[in-house]
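Please take these sequences and the hints and turn them into a complete structure.
Line order of the protein sequences matches chains A, B, C and D.
For the first sequence, our numbering gives the first residue as 2, with consecutive numbering after it.
For the second sequence, our numbering gives the first residue as 2, with consecutive numbering after it.
For the third sequence, our numbering gives the first residue as 2, with consecutive numbering after it.
For the fourth sequence, our numbering gives the first residue as 2, with consecutive numbering after it.
No lab work stands behind these hints, which were simulated from the structure alone.
Take the hints with a grain of salt, since some may be wrong.
Identical chains blur together in the list; that is why a pair holds if it fits in one copy or across any two.
Unchecked claim - No more than 27 Å apart at the CA atoms, straight line, and that leaves these computed lysine-lysine pairs for BS3-like:
hint: 1; residue 1: K356; residue 2: K175
hint: 2; residue 1: K356; residue 2: K308
hint: 3; residue 1: K32; residue 2: K172
hint: 4; residue 1: K285; residue 2: K252
hint: 5; residue 1: K362; residue 2: K247
hint: 6; residue 1: K356; residue 2: K272
hint: 7; residue 1: K172; residue 2: K285
hint: 8; residue 1: K63; residue 2: K208
hint: 9; residue 1: K63; residue 2: K285
hint: 10; residue 1: K362; residue 2: K172
What follows is the residue order along each chain.
4 protein chains.
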Amino acid sequence: MIIDVDNQDWTGGQIGNNDNSDDVKNIDLTKVHNLSGPIAVEGAEPGDCLVVDILDVTPFEKMPWGFTGIFELENGGGLFAREFRSRACKAIWDLNGVYASSRHIPGVRFAGVSHPGLIGTAPSPELLATWNERECGLIAAHATSVPPVAFPPEPIGAWVGQDLPNQTLEKIKKEGARTIPGREHGGNCDIKNLSKGSRCYFPVFVKGANLSVGDLHFSQGDVRTMSFCGAIEMAGIITFNTSIIKGGVEKFGLKQPIFLPSPVDPMYSQKLVFEGLSVDINGKQYYMDATVAYKQAALNAIAYLQKLGYTREQAYLLLSAAPIESHVGAIVDSPNACVTLAIPTGIFEHDILPKPEGLTKVNYGQCAIRSDGLL
Amino acid sequence: MIIDVDNQDWTGGQIGNNDNSDDVKNIDLTKVHNLSGPIAVEGAEPGDCLVVDILDVTPFEKMPWGFTGIFELENGGGLFAREFRSRACKAIWDLNGVYASSRHIPGVRFAGVSHPGLIGTAPSPELLATWNERECGLIAAHATSVPPVAFPPEPIGAWVGQDLPNQTLEKIKKEGARTIPGREHGGNCDIKNLSKGSRCYFPVFVKGANLSVGDLHFSQGDVRTMSFCGAIEMAGIITFNTSIIKGGVEKFGLKQPIFLPSPVDPMYSQKLVFEGLSVDINGKQYYMDATVAYKQAALNAIAYLQKLGYTREQAYLLLSAAPIESHVGAIVDSPNACVTLAIPTGIFEHDILPKPEGLTKVNYGQCAIRSDGLL
Amino acid sequence: MIIDVDNQDWTGGQIGNNDNSDDVKNIDLTKVHNLSGPIAVEGAEPGDCLVVDILDVTPFEKMPWGFTGIFELENGGGLFAREFRSRACKAIWDLNGVYASSRHIPGVRFAGVSHPGLIGTAPSPELLATWNERECGLIAAHATSVPPVAFPPEPIGAWVGQDLPNQTLEKIKKEGARTIPGREHGGNCDIKNLSKGSRCYFPVFVKGANLSVGDLHFSQGDVRTMSFCGAIEMAGIITFNTSIIKGGVEKFGLKQPIFLPSPVDPMYSQKLVFEGLSVDINGKQYYMDATVAYKQAALNAIAYLQKLGYTREQAYLLLSAAPIESHVGAIVDSPNACVTLAIPTGIFEHDILPKPEGLTKVNYGQCAIRSDGLL
Amino acid sequence: MIIDVDNQDWTGGQIGNNDNSDDVKNIDLTKVHNLSGPIAVEGAEPGDCLVVDILDVTPFEKMPWGFTGIFELENGGGLFAREFRSRACKAIWDLNGVYASSRHIPGVRFAGVSHPGLIGTAPSPELLATWNERECGLIAAHATSVPPVAFPPEPIGAWVGQDLPNQTLEKIKKEGARTIPGREHGGNCDIKNLSKGSRCYFPVFVKGANLSVGDLHFSQGDVRTMSFCGAIEMAGIITFNTSIIKGGVEKFGLKQPIFLPSPVDPMYSQKLVFEGLSVDINGKQYYMDATVAYKQAALNAIAYLQKLGYTREQAYLLLSAAPIESHVGAIVDSPNACVTLAIPTGIFEHDILPKPEGLTKVNYGQCAIRSDGLL
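In structure tokens, the structure reads:
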């Protein structure tokens with residue numbers, strides 16, 4: 002059976018198609034994610050594998066636009082929240098068929114790898130308890146961290162939405178895991194290759210599987226969440242069909258979802274690749290830390306894009322939204338992890354390759370910033 | 002000018018084409034890496050960019066084989082050294098033209114992404130001092146770690162090799178950085194996409210650039226070093242040419258090398274993808290740790306390969322040696338990093354896709370293990 | 002400016018979503034093609050180049066289906082009309098997001114290379130005169146051929162459609178070239194790679210360029226018209242934007258359109274390839290005839306698909322509709338032209354590769370045939 | 002069993018690495034092809050399928066160069082022999098690892114799709130008789146054609162080579178088919194995708210299969226033989242292994258070879274595509290003639306390359322030697338066949354894409370021409 006599901010964007014419509022970032026600055030993050038579901042699949046039982054063919058992910062015909070945001074350090078942050086003392090910024094993207102382009106980041110146009118940022122089955126009570134226990138443990142161990150290291154169940158702003166008995170609703174709000182991280186059921190994994198055309202195999206934990214989906218992205222780099230809200234976020238429709246493989250968890254050794262990527266992801270064969278090591282910008286040496294290494298690769302790429310004329314904020318947004326690839330190179334060559342970040346050259350209007358004569362700097366203006374002008 | 006450089010394998014020939022892993026167990030790691038160079042490039046000066054076109058990487062005609070090894074916990078280890086209490090294992094690969102296959106891991110054959118695991122310019126004295134300072138700092142902070150977190154300059158086994166005045170030789174042995182990790186000059190980055198056909202841009206730190214190269218790999222997954230010696234290591238010849246872009250460091254904002262991948266890397270479009278989160282096998286929650294997440298994705302893939310009939314050791318070696326792709330998914334969705342690992346299905350003789358009826362288990366024997374039979 | 006254009010299917014809705022091929026048998030071919038346009042582009046003048054970015058090609062939301070037909074020898078025919086004494090057959094395809102599948106050809110599912118079969122600028126009166134002269138010359142030289150070698154202007158069934166003065170309308174019907182073949186302006190070229198995401202450069206022959214478009218295909222093999230109506234024909238919407246390069250005809254030496262294919266065409270890297278020579282099925286030798294060679298490659302592929310259980314008609318329809326690739330190999334090795342036809346293996350539910358034990362034959366039923374049962 | 006076979010170039014060494022084309026002008030074509038073999042495969046019998054894995058195709062280490070030639074109208078000709086009144090021209094290519102470049106065609110560098118131009122099993126006496134009959138029939142019907150439409154068995158220059166009884170030798174020379182065209186056994190198909198890494202399935206016609214191979218190409222476009230000697234011809238080594246599928250001809254319906262292309266062919270995703278119709282340069286209309294259409298696409302591409310500064314001869318040679326793709330578009334849209342020719346943009350040093358300001362013309366000199374200066 003083929004199912005069409007309408008989705009709000011992940012913020013529930015808090016961000017507008019306009020030219021300042023005040024809405025990003027003032028966003029209420031207690032309200033996220035706005036998901037669709039849960040959808041019960043007849044015949045699915047714990048231990049089965051739910052096969053989901055993602056057939057299409059498309060913006061609403063009347064809303065052919067999306068957004069990418071950098072969040073304030075105090076409200077969500079982003080990968081470089083501290084390094085950049087991030088203020089709210091955003092880019093609005095026009096979505097035209099297979100392509101995205103933005104008045105806030107001129108000179109680029111790319112085909113989207115459209116996908117749901119969040120899709121997953123429902124946890125069993127036991128699995129939910131495990132999540133809450135391990136995450137609350139982490140919170141307890143880093144109680145004063147800003148931004149927080151994790152988010153416990155939180156009734157305020159919880160989006161449950163169905164017409165449920167009051168007692169049930171309260172229980173869900175009080176015990177339900179917040180949807181920010183991906184977990185064993187899938188969830189907010191932000192994997193760009195879970196794109197339209199892909200086939201996904203989810204473990205089933207409860208009768209009916211109870212699939213939820215949302216946080217549609219028109220496009221995203223490998224590390225969507227670089228700028229916290231790094232994909233091209235959109236409202237739209239996801240189309241999929243489902244089938245069940247009985248006993249699939251045992252048959253395939255499924256601890257988490259597995260999937261087959263789509264044959265129609267954009268193909269940009271020429272790429273310019275940046276490297277990063279697990280030594281931070283202050284020269285501090287980390288031990289095999291791929292996250293630190295990834296950040297350095299991203300910083301090296303941002304520096305290059307600045308040589309071409311993009312602002313730091315534009316570059317940061319672009320790396321989050323475009324079909325960038327990032328690979329984990331080495332993580333046994335003590336003490337340095339090495340991570341690469343590859344930018345497809347074909348998304349740029351101009352030739353960005355290194356030339357003996359150097360790079361040509363173009364004035365691309367700036368992305369949307371706060372109305373008070375703070376950066 | 003086109004240059005052909007002969008290279009020993011990274012161990013200097015300590016591993017043989019045979020059917021037990023005693024040589025891996027007994028390897029002397031003080032002697033690595035065996036590199037070729039340094040090669041001075043006329044006209045290169047600090048601040049320039051050295052362009053290196055890697056034209057070919059090929060085994061010696063008389064040695065058409067390579068090896069992949071799992072190292073003992075006490076001697077090098079590997080990504081799962083502790084989890085698996087690793088004992089020495091290895092696979093010997095026959096290299097026939099574009100393909101590798103192994104009597105120790107039957108049922109697979111794949112085209113190689115041949116590349117130098119290690120290539121880089123020489124550091125300036127200042128840069129070298131920075132390396133030694135930050136790495137020795139890390140060592141001091143984790144003095145009792147097994148395996149060690151990093152390796153200081155070490156005269157024993159140091160491979161300098163040129164006919165140098167004694168005093169110079171001693172100084173180099175005493176102060177020269179060991180070549181285990183990649184650093185700002187390139188070095189042991191183990192990036193599979195630095196493959197034959199790629200164009201690399203290195204920062205130059207000293208007059209002549211002084212390029213060194215070695216640790217040739219016939220093939221490798223994205224995280225070569227999973228099993229410590231994870232690539233298909235080989236002895237052979239690298240062919241490249243060089244040119245110089247004056248002032249390239251400033252022109253391109255080069256803090257580390259950048260590169261353009263080759264147009265001839267193997268193309269396997271269908272892949273089966275595994276996910277991993279930053280929760281370890283004991284259920285411990287980590288904060289945004291991409292390394293932990295990568296390890297879980299690898300463990301999930303190993304579990305799947307075991308369902309197909311490969312032993313844990315064969316699966317571990319295969320993921321290290323074959324053209325596996327690994328992407329960093331999300332690292333802002335607190336607290337979970339999410340990493341994916343993609344196995345090309347076309348490298349297997351049999352269909353490995355999930356089927357409603359489950360997976361067919363085949364007996365593939367075992368890889369080469371220690372002659373005392375310990376695993 | 003971005004333009005959305007609605008299009009009927011090329012037959013103007015003569016084929017229905019049902020299970021017999023009587024509508025194909027009885028089709029009125031005087032009425033084709035049903036196109037949309039002409040659209041005048043402000044500022045375009047003869048000698049300019051009209052740049053068209055094809056942003057999307059999608060079926061109407063309410064008509065998520067398409068058709069592929071084999072036409073009767075006496076009415077359109079097809080590449081094998083004579084060899085197969087073709088009777089009307091068809092397959093209805095369900096279009097779900099990126100995928101097409103058919104109840105009439107079970108066991109396959111593929112991502113579409115959606116494109117307009119026909120798109121082109123308007124000819125100048127001089128160019129039109131050239132077309133009519135050369136084609137009428139060919140008709141005169143082969144006056145008795147069945148099917149005819151070409152089609153002269155024909156008032157009956159001509160689809161002009163605008164509210165024009167009677168005299169103008171009559172002149173157009175009497176002199177306007179029929180749209181069956183592609184010509185110097187583009188037109189009915191049936192090039193699958195003119196797909197959504199591609200950028201096309203058309204020569205402009207009249208003021209305003211007068212672009213017309215239609216004959217939308219959800220998918221097609223390299224030689225769409227193998228079964229005459231070989232693509233997955235559909236009604237739907239094409240979205241594009243336009244710009245002008247002044248004097249582009251001279252700047253680029255444009256005698257015909259040139260284009261850049263889309264980065265989002267389906268990627269099926271594994272293919273099974275068949276060869277064909279310019280020797281026909283009766284053993285007759287032709288001199289360097291790529292058309293004859295192409296037909297032999299197609300026949301060889303059909304024979305293989307029959308071994309898998311498809312009927313000749315299903316195989317014929319499938320090769321026309323799926324993303325098959327065909328290359329011209331050699332056409333100087335006298336006397337044989339050599340042409341290849343590549344079938345992506347990933348579109349099949351089962352493994353179709355040659356196996357030592359032979360191929361497994363599955364019963365796939367039959368496509369839609371005539372209600373009188375004639376084949 | 003893995004087999005290494007040494008091959009002369011197809012001319013037997015008649016062309017030199019120098020800067021004029023006199024050797025091309027004076028070539029003795031009675032002596033071609035110089036092949037290696039036949040190689041008998043134990044156990045192969047008529048009706049079996051011989052599986053050949055092409056593992057490597059590489060130039061001799063001491064001869065890292067190859068050539069591409071345009072032949073004189075009177076001696077071999079080429080696709081445009083008449084249109085261009087072709088005089089002998091050539092380009093010498095330097096082969097460095099994966100790349101080819103030429104002093105005679107500056108500004109391009111590309112990765113090779115290395116393959117044997119000619120590989121095939123031996124015909125049975127019956128099959129040989131069929132070949133001779135049908136080809137001699139064609140010759141008889143076009144007795145005065147220049148160049149000839151086909152080549153009958155010809156003792157002069159025949160290259161049989163083995164130490165055979167005189168009577169046998171004479172019989173072979175008198176009855177053996179010349180190797181210019183590809184036939185049902187494979188042979189001189191000049192299919193670039195039969196490249197290193199591919200797996201080929203040949204029908205077996207005689208006991209032992211008797212495989213012959215030669216005419217190694219470092220690279221070639223889809224229609225190698227455009228300039229008659231259009232590939233980068235080289236002397237070198239082919240490595241392959243063989244296995245047998247009993248009864249494979251019947252199992253797979255093999256009338257001609259089928260094959261799986263290599264996963265390591267160069268990937269240049271961005272291409273500029275030219276179209277051609279079956280109307281020749283004099284405006285003559287042909288009926289569905291894909292060969293005429295192909296020639297027009299090639300002429301359109303040559304015109305474009307001339308705008309960039311290449312001479313007609315350089316463009317002609319480049320299209321023959323580089324990894325150009327050509328697809329048969331439509332051959333049912335009476336009366337026009339439509340063929341496309343795609344040039345990868347990534348092989349050029351400069352950006353060749355159409356720009357609003359037009360194309361930049363560079364002086365690339367000329368290829369090697371006759372010492373008497375005639376063109």
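Check the structure against each numbered hint from earlier and tell me which ones fail, lowest number first. 1, 8, 9, 10
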